[in-house]
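Peer 1: One letter stands for each residue in the lines below.
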Amino acid sequence: MISTTAKTTSALRARPFLGAASVVALFVALWMALLWSPPDAAMGNVVRILYVHVANAWLAYLAFVVVFIASVAYLWTKRLVFDAIAVASAEIGVLFTGLTLVLGSIWARPTWGVWWSWEPRLITTAVMFAMYVGYLLLRNLSDDLDRRASRAAILGIVLVVDVPIVHLSVTWMNALHQLPSVLRPDLQPTLDPSMLASLIVMTIAFTFLYAYLMTARVGIEQRRQARVLEARA
Amino acid sequence: MTWRRIRIIAAREALAERGQPDGLVSAVTFTATLILVESLAVGPLAATQPAVAAALFWIAMAFAAIIVTSRSFERELEDDALSALLALPGGRDAVYGGKVLALGALLAIVTVVGGGLSLVLLSLDIALPGHLLVVAIAGLVSLPPVMVLFVTIALRLRSRGALVPILVLPVLVPQLVAATNGSAAAASGDAAGAIGWAGLLVAFALVYSVFGLTIVPAALE
Chain R
1 MISTTAKTTS
11 ALRARPFLGA
21 ASVVALFVAL
31 WMALLWSPPD
41 AAMGNVVRIL
51 YVHVANAWLA
61 YLAFVVVFIA
71 SVAYLWTKRL
81 VFDAIAVASA
91 EIGVLFTGLT
101 LVLGSIWARP
111 TWGVWWSWEP
121 RLITTAVMFA
131 MYVGYLLLRN
141 LSDDLDRRAS
151 RAAILGIVLV
161 VDVPIVHLSV
171 TWMNALHQLP
181 SVLRPDLQPT
191 LDPSMLASLI
201 VMTIAFTFLY
211 AYLMTARVGI
221 EQRRQARVLE
231 ARA
Chain P
1001 MTWRRIRIIA
1011 AREALAERGQ
1021 PDGLVSAVTF
1031 TATLILVESL
1041 AVGPLAATQP
1051 AVAAALFWIA
1061 MAFAAIIVTS
1071 RSFERELEDD
1081 ALSALLALPG
1091 GRDAVYGGKV
1101 LALGALLAIV
1111 TVVGGGLSLV
1121 LLSLDIALPG
1131 HLLVVAIAGL
1141 VSLPPVMVLF
1151 VTIALRLRSR
1161 GALVPILVLP
1171 VLVPQLVAAT
1181 NGSAAAASGD
1191 AAGAIGWAGL
1201 LVAFALVYSV
1211 FGLTIVPAAL
1221 E
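If you're matching them up, the sequences are chains R and P in order.
My numbering numbers the first residue of the first sequence as 1 and each following residue consecutively.
My numbering numbers the first residue of the second sequence as 1001 and each following residue consecutively.
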């Protein structure tokens, strides 16, 4: 049985707090990234782009893992709320993957001397971006609510394979992109403590932003689903 | 037994293709044309490099697989046969398995024609022909599970002709890289490299077969 009656009241109540938390955390994170943390010995002030770039990449990973979990949950339960969560997270993931590529490119120009390099991390990220654009395209080309949800759920499960490939590509293949500085196998971050703190606060701020955007977008999708079900009835 | 049903559906697919071989003919013609056009576009010097020749061949194979798989499902929809197949006990798993098996057989023919054409036209010297055969078989095995999975997802959608390549080509990147590197390794005499890449291709085939058999039944309506 298909149901859209999810318990979204608590999410709706949390939205203003999540919005406020995002704004405050982003202000603190930007202050730390732009003013408090020192310039890098080699890169100078260009390093400050990385605080936003890494947080963007984290959000893209998070969003696509949420798509995967919501897709499994939809196929398991057939509750449309999970489809709403999946599409909301996929859209946010695509947005932040695109921003990751753009910011990485802006950082690469002064650091590597090129806007783009054919190296594994960049290619796998671009491929991940294309895959999830395809996921959104699939959803837009399907009119039937239930069939669209099933097809999208299957795709959401298959596509998550690329997330670990993107993250581990730099360790599997020698390349221009630097190795992970925080999420390392030995759990020993290689960053200066003030840089690490700035990065962690920025990541937390982006996670709040993700939660805020999710509550807003899931609400919109649930209203759309309700309209379709009403029209069908 | 599911395996028996899979074989029946694969045999049915082969019979349908024998009676009306438009999918196979289109794929073979397309592969040959694409290899010729790509080789002309990159120039004779570049096209005879093992890595370039292998890349051109495997890209052509990926598109050929899209054509054959799409045609196979189009035929089911045109004849309104899919609903009847799905209504059979265990039909959903068997449709996926049978299509994968049949597609593998059809692609073997495309590989022989396309591969032969590449070898002859580009005058390629192959240092390890046996290893190249292993890589070709592994590459051949790695394509159908992915193709059938994605064509099934896009079944009955409008613009599916454009959607399937958009969905499947990014997913096929690791297989294309592995098949290209494996073929180039076999051509240049790197036995360990060729076997390593072939192993990766087989692993991808297994992963996507498990994915397909587990979740494709949910997509088939």
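Hint data in this document are derived by calculation from the structure and do not stem from the laboratory.
Predicted, not measured: the structure shown is a model, and the values here were computed from it.
Treat the hints loosely; a few may be bogus.
Below, in silico cross-link-like pairs of lysine to any residue (SDA-like), each with a Cα-Cα straight-line distance of 25 Å or less [unchecked claim]:
1) 78/R to 1217/P
2) 78/R to 1093/P
3) 78/R to 1213/P
4) 78/R to 1108/P
5) 78/R to 1157/P
Anything over 10 Å on all C-beta distances counts as not near chain P; from chain R, calculated [what the hints assert, rightly or not]:
6) 113
7) 123
8) 204
Take a look, some chain P residues computed to stay more than 12 Å from chain R by CB distance [claimed, not checked]:
9) 1012
10) 1021
11) 1036
12) 1075
13) 1124
14) 1163
15) 1214
Here a beta-carbon is modelled for each residue, glycine too, at the ideal position from N, C-alpha and C.
Peer 1: Next, verify each hint and record whether it holds.
Peer 2: Status of each hint after checking the structure:
1. 78/R to 1217/P: 15 Å, holds
2. 78/R to 1093/P: Holds, because 20 Å separates the two Cα atoms, which is no more than 25 Å.
3. 78/R to 1213/P: 19 Å, holds
4. 78/R to 1108/P: 39 Å, violated
5. 78/R to 1157/P: 21 Å, holds
6. 113: Holds: least Cβ distance 26 Å, greater than 10 Å.
7. 123: 8 Å, violated
8. 204: Holds, since 31 Å exceeds 10 Å.
9. 1012: The claim stands: residue 1012/P keeps its Cβ more than 12 Å from every Cβ of chain R (closest is about 25 Å).
10. 1021: The claim holds: residue 1021/P sits with its nearest Cβ about 30 Å from chain R, beyond 12 Å.
11. 1036: Holds, since 26 Å exceeds 12 Å.
12. 1075: Per Cβ check, residue 1075/P is outside 12 Å of chain R; nearest 21 Å; holds.
13. 1124: At roughly 25 Å from the nearest Cβ of chain R, residue 1124/P sits farther out than 12 Å, so the non-interface label holds.
14. 1163: 6 Å, violated
15. 1214: 9 Å, violated
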